[in-house]
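Protein chains in written order, with the working numbering: chain R, 1 to 302; chain V, 1 to 343.
Read the hints as simulated data drawn from the structure, not as lab findings. Each hint should be verified, as a subset may be incorrect.
Unchecked claim - Label-pair ranges, simulated between beta-carbon atoms:
1) R/ARG97 - V/LYS321: 19 to 27 angstroms
2) V/ARG206 - R/MET189: 21 to 29 angstroms
3) R/ALA283 - V/ILE180: 30 to 38 angstroms
For clarity, every value in this text was computed on a predicted model and none was experimentally measured. Where is the CB? At the ideal position from N, CA and C, for every residue including glycine.
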Amino acid sequence: MEFFLDILPHILNGLTIGLLFALIALGFTLIVGVMELINLAHGSLFALGAYLALATMSYLGASGFTSPTIFQYSAALVVAPIGVAGVGMGLELGMRRTYGKDPLYGLLFTFGAALVIEEGIRQFWGSNDLYFPTPSFISGPIILGDLFYPKYRIFASIFAIIMIILLWFFIERTKVGAIIKAGAHDSEMVRALGINLTVLRAGVFALGTALAGIAGIILGPIWGVRPHMGVDAVIPAFLIVVVGGVGSFRGSVIAGIAVGLTSGITAYFAEDWSILSIYILLAVVLIVRQRGLFGKASSLDT
Amino acid sequence: MTQILSKFRTDFIKMGLVFIFLATVPLWIGRIGLYDYIALEILIWCIYAMGYNLALGYTGLPSFGHGAFFGIGAYAMAIYQFHFGGTSLWIGLSLSILAGIVFGAVTGGLVSHRRGIYFALLTIAFGQMFWFLAIKLRDVTKGEDGLLNLERLPVDFGFFSIDISSSNSLYYFSLVIFVIVVVLLWLLIHSNFGYVIRALKQNETRAQFLGYNVRFFKLISFTLSCAISALAGGLFALAQRSAFPDVMALHWSGIIVMMVIIGGGMVSFWGPVLGVMFYFITRDIVGGITEAWLMWFGAAFMAVIVFQPEGIAGMWGNLSKRFQRVNTKTKLEEPQEAQHEPV
Chain R
1 MEFFLDILPH ILNGLTIGLL FALIALGFTL IVGVMELINL AHGSLFALGA YLALATMSYL
61 GASGFTSPTI FQYSAALVVA PIGVAGVGMG LELGMRRTYG KDPLYGLLFT FGAALVIEEG
121 IRQFWGSNDL YFPTPSFISG PIILGDLFYP KYRIFASIFA IIMIILLWFF IERTKVGAII
181 KAGAHDSEMV RALGINLTVL RAGVFALGTA LAGIAGIILG PIWGVRPHMG VDAVIPAFLI
241 VVVGGVGSFR GSVIAGIAVG LTSGITAYFA EDWSILSIYI LLAVVLIVRQ RGLFGKASSL
301 DT
Chain V
1 MTQILSKFRT DFIKMGLVFI FLATVPLWIG RIGLYDYIAL EILIWCIYAM GYNLALGYTG
61 LPSFGHGAFF GIGAYAMAIY QFHFGGTSLW IGLSLSILAG IVFGAVTGGL VSHRRGIYFA
121 LLTIAFGQMF WFLAIKLRDV TKGEDGLLNL ERLPVDFGFF SIDISSSNSL YYFSLVIFVI
181 VVVLLWLLIH SNFGYVIRAL KQNETRAQFL GYNVRFFKLI SFTLSCAISA LAGGLFALAQ
241 RSAFPDVMAL HWSGIIVMMV IIGGGMVSFW GPVLGVMFYF ITRDIVGGIT EAWLMWFGAA
301 FMAVIVFQPE GIAGMWGNLS KRFQRVNTKT KLEEPQEAQH EPV
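Here chain R stands alone, though its shape is the one from the complex:
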């Protein structure tokens, strides 16, 4: 019992982080699926989401270490992802000339973009860690018997679960979702059926990057906001995509939770090595199943 109470917060932490990683990975895998592009700027856009949310809240009058009102916080949750999606669409527009060439060029383009966004953040907001205040109804601890646990993390988990369900509903149950899935399967054929591929690509890029922005806002209060926070989020997201299988919705969610739990539980035993455990998980999965847990043969293999 004693052991269980000690390890429970670590399991819950792992679950929270895992669900948020899954959200980042889903945005990432949507873009990989439809555009056959690894978006290396995903991490920088994640950080940009957090910074834009801070800017929105302070524009609406929240200042310093006081809790923002629910209105200010919700406004940030809407405005910042839209801003990030706008930047994402700008990126997609900029790299159109690389389509049809070696996919390496798209990847390199986004690496350049990642540098520009990260340095831009540094110039605009400075290099220091910023504090991300949360509304009072989700601040402070929740007490369950002997267990103290931050309310905010519970909120973050529920928020991530709702986002994942909404996204699943959108992809699996709407017509646009069907087009996105078809586009991931064979974009040329989708175009032949009269769908505007240009709009589809811009839309998918906006959606994928907006998800990264949302994850940045939700993770901001947990990690603190700093210019290079993107790398800490995007590397696990890459690994989740590989572990879960490229292009698989289910795979990303399950791998996200698995990665979160692995690092959370390892953190209980050896704080320093929690990140390494993710790599070990990756190695094990790749040795057992080359395409990841739920991966099918994809265009990425060629």
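Since the structure of chain R is already known, use the hints to place chain V on it.
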């Protein structure tokens, strides 16, 4: 064979000119407002970039984790001096190369069945893992600070030895290594092995159908590339008098890709050298004007990718081709593929 010999003769003159140019650098670099150390740094990164381009430009393996092998080479030299009290330059550099081969072969063995951007994704993962280990294995690597106060060991030939503790003398020693690496790379690329890796870069499936074990060729090429990167890393540890985990992170692994692409490594043997020079000279000139120089470099890189994906060497090639076309109007145009093939 005679073709290779005549090719070698023309390229040999070019190579000789580059080497002579590089040999004169310490004589005038102070006078144009730069300093000795930057010449050394550029030269070491040139070795690294040439090695990296064997994987990227010639075999088509977009490794985004090469910084790890550069760093591993540096650590091999540093650990040899720090933990084993090593005093022989030759053993130190051999250990750097050996570490590059071992870690490169293990990583290559796990990723060489992949290609394209999946390969890039996996090399990111491995690069980050090695970087993470370098930070966390504090007993061996001293964590984020790294191993400091290394010796620039003398070049010992038994009967006499040369001191290379000044930046200029280490520069000339590195130049000798650069010459050896460049000549060996040239020979490798123009050997049968070189033709196979260039073929599998163009079309892996076709190379496989011709009976080549592509996975084996990719593994060997990747491992050699890691070995050269690690050798450069060993020299870097001497130049910096330290080894630290910074250069192993994704950031620096990406920067070496940027250097090689901007220079035109995809289309030219000398592309990586141009790219490295462009990077360091931009850093020193633009970096003197604005702190946000990396932002401008990133933006310039995005423009290169969109408008001039063949980089500086490609630009030069197009210009000189246009010039030749004006001069010899009757001559038939070169086949188009030749533009995309490193020469």
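Going through the hints against the structure:
1. R/ARG97 - V/LYS321: 19 to 27 angstroms: holds (21 angstroms)
2. V/ARG206 - R/MET189: 21 to 29 angstroms: holds (25 angstroms)
3. R/ALA283 - V/ILE180: 30 to 38 angstroms: holds (36 angstroms)
Checked against the numbered hints given earlier, the structure satisfies every one of them.
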